[in-house]
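Chemist: As a plain string of letters, each chain reads:
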Amino acid sequence: MPFFRSILDTVDHRTGFRSIIKGVLYEHIPGGARWRYVWGSTLVFSFMTQLVTGLFLWMYYSPSAQTAWESVYYIQYQVGGGWLLRGIHHYTAQAMIILLALHVLQVVLDGAYRAPREFNFWVGLLLLLIVFGLGLTGYLLPWDQKGYWATKVATNLASLTPGAGEALRRVAIGGSDYGHLTLTRFFALHAGLLPGLFIMVTALHVYLFRRHGIHAKKAEGRMDTYFWSEQVLKDAVACLAVLATVLFFSFWHPAPLMAPANPSEPYSAARPEWYFLFLYQLLKFFPGESTIWGAIYIPGIVFAVLALMPLVGQARIGHAFNRFVIVALLIGSGVLTWIALQHDRQNEEYLLALRAAERDAERVHVLASTLGIPPGGAGPLLRDDAYTQGPKLFAKYCSSCHRFDGHDGTGKVPREKPSGSDLKDFGTRRWLTEFLRPEWIDHEKFFGATAFKEGDMTDFVKKTIAAYSDEEKVKLAKAVKALSAEARLKAQAELDRQDAQEIEDGRLYLTARKGEEKGLNCTRCHKFGEKGKLGRAPDLTGYGSKEWIEGIISDPSHERFYNEDNDRMPRFRTQGILDETSIGQLADWLRGEWFEPLRGNDGRVIPGQHTDGG
Amino acid sequence: METSNPSTETSISPEQGPGEAPRREFLTKVMAVSLGTAVSVGPLVVGSYVALDPLRKKSVGATPFLPVTSLEALPPDGLPHLFRVVSTLTDAWTRYPKIPIGAIYLRRTKENPEKVEAIHPTCPHLGCFVNARGDGTFHCPCHDSDFQTDGSIRNPQSPSPRGLDRLETRIEDGKVLVQFMNFEPGVKEPKPIL
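Read top to bottom, the protein sequences are chains A and B.
Numbered continuously in the numbering used here, the first sequence closes out at residue 616.
Numbered continuously in the numbering used here, the second sequence closes out at residue 210.
Rather than coming from a laboratory, the hints here were simulated on the basis of the structure.
Mixed in with the good hints, there may be bad ones.
For lysine-lysine, the following DSSO-like pairs were computed, each having C-alpha atoms within a straight-line distance of at most 30 Å [stated by the list, open to error]: (1) A:K535 <-> A:K492; (2) B:K114 <-> B:K74; (3) A:K414 <-> A:K154; (4) A:K24 <-> B:K45; (5) A:K219 <-> B:K45; (6) B:K114 <-> B:K207; (7) A:K465 <-> A:K533; (8) A:K464 <-> A:K475; (9) B:K207 <-> A:K236.
Please construct the entire structure, taking both the sequences and the accompanying hints into account.
Modeler: Now the structure itself:
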């Protein structure tokens, strides 16, 4: 030990570290250690945590429009422990906001902002702004739909600033639109400039704090102590509580990663992070041109009131006023946040958008983990995916007439009544069986709302089929199986194989005349294989197959389909409304055919493996 | 701020008995140090674990034979010719369907035109790209390692610990296939990096 001590002595002689440590640890605390003094330390701890986790995240993060989401995806799902590291960073950021609010609240309530500590209060306000800046810039970095659209709103608000608004926005996003340069800029701010500023300003904050000492609360009659060791213990316990809370949330709800940013894809679920929700809600109270009040003037005034507190607080009544203001502000923000949350909770459209966003997020995860991310980034994974695009295309182009299981494909039920058939399970045995029931054919799920309600087919089903004998009903069931087999649906493949003989019989009944072989004589109007002619009714050859569906979407007025009897359906391809890819995606989706990964027994995706569907 | 070293008495509250106070204070110190340490290293431990992820990544397993060129394109002149090796590559999150992953020297002779020799162009010393001289021998531009046409060390003064690494080849339907892989630099025996 003496040897050890002599080494320390030598080092101390050269560096003076003992007096530094002594200076740090033996800070005088009048009235002794207290729990109410821990907030500052928890904030320093939180920031250190952000610094450490941020640096490690930096080892994986790559800021560009084609790699930001992709590298965060890699951190979240492919790097061991990456999700936890990101979770800690994500939730500590939010913890800092809460701790800041508590810190400011305590300082104002205790009057710790008054002379001679005015400057330190102002320095603290500056730190508050820096933390907001860190939160805002960090939100964009994953380059997912959520961050992208939320940041777009935030930077557009900056352009409302009187005088240099537009220039400010351009500088903030690094050009006229969002892309590589927005990310590199935000990253430089988030990981370089703002943390650097934070460290410097915090050093000043601590220096000023030590210069005036702690603002002791009710120290009379209590023994004075030093920072070491009781207050250190209290601070450590508080920091541990912060860390435990952060860890709890990281495990309970891992940090979210939505679908990659896509400027062409609406994102109605865009909201700022919860701690900015009060500002978001405030904006809603200012219609039209008055937005600037909610965005700039009122927050500006509030901040000015905060900054003036040390001056106002010199008078006894001023201090009372300040205490009232800070409590009112916190309660006000809380109420605004609550209103925003409550409003969203009851907003059907928002909830649908949120579900759709989560569906996309899950889907892109499945695709990226099985197919890998192409060199152009993860964007095309969802753009080329029938499961993702099908419902969106259906909602946009088909749902003004058709329905999908009663809704528009995305789960939303349009206000107008349908005027076309419901295409959920189109081509399946169930769909065809129901379609051919006399009591169903003119229901709004099938021909009920179309021009064919009074047509020959309806007539045939309501009169001829209604009068079928039991023997003919058996034939009809087989014919349905045969017709449904034409679709070659993946979901029915096994059934089609099992019923090969019945399908064979059914094919015969479809074409045979009523008289000679006791068939159903469908080919009197329809074409099926070699029999029948085109032009009077849709071709039954390959009915419901991918090629058939693509054909009817492309041009329903073609003689293969409804010819001149076509009701109101646009000729999507011929009129240039939809391209080949979109029509293919619609057809695949309607047929329930899309890329499916192989899953293990636990239902989890096995990376790199998939079936050859879609 | 001037502070003086506190005497232990200052932090003892009046109601504590003698002996109890130092013990309690000792406990406080121990707990302060251990909790403080635990809290500070928590994020550091998680971060370090994440940073060390490359050590835990599984190897890709067996390396496939990759088509490099047609036999026609390789003149049977006994001299090494450089070819690009193209394959699929997963670089962290990106999957490249077709991208150059390296290069290879191929050589065949008039006497034995159906046999192709493949030599890795990376110097086993410290990984520089070796050049083929006109006479078919190799030279490393970084530290002057000198190799024979078959890859073995030519000049015994060469700093390279072993000759150039040789790779398995196969000829299928007139195409030259190479089992391409990279090797650890700086060691005596070739050791594939998987």
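Chemist: For each hint, tell me whether it holds in the structure or not.
Modeler: Results for each hint:
The straight-line distance between the Cα atoms of K535 (chain A) and K492 (chain A) is roughly 29 Å, inside the 30 Å bound, and the hint therefore holds. Annotation: proposed proximity of K114 (chain B) to K74 (chain B) holds, straight-line Cα distance about 22 Å (limit 30 Å). Taking the CA atoms of K414 (chain A) and K154 (chain A), the gap is about 27 Å. The hint holds against a cut of 30 Å. Between K24 (chain A) and K45 (chain B), the direct Cα distance comes to roughly 15 Å. Compliance with the 30 Å bound is thereby established for this hinted pair.
Among the hinted pairs, K219 (chain A) with K45 (chain B) is consistent with the structure: their alpha-carbon atoms are about 24 Å apart, no more than 30 Å. A distance of roughly 26 Å separates the Cα atoms of K114 (chain B) and K207 (chain B); the hinted pair therefore holds under the 30 Å criterion. For the proposed pair K465 (chain A) and K533 (chain A), the alpha carbon gap of about 24 Å is at most 30 Å, so the pair holds. For the proposed pair K464 (chain A) and K475 (chain A), the alpha carbon gap of about 14 Å is at most 30 Å, so the pair holds.
A distance of roughly 55 Å separates the Cα atoms of K207 (chain B) and K236 (chain A); the hinted pair therefore is violated under the 30 Å criterion.
Consistency note: the structure conflicts with earlier hint 9 alone.
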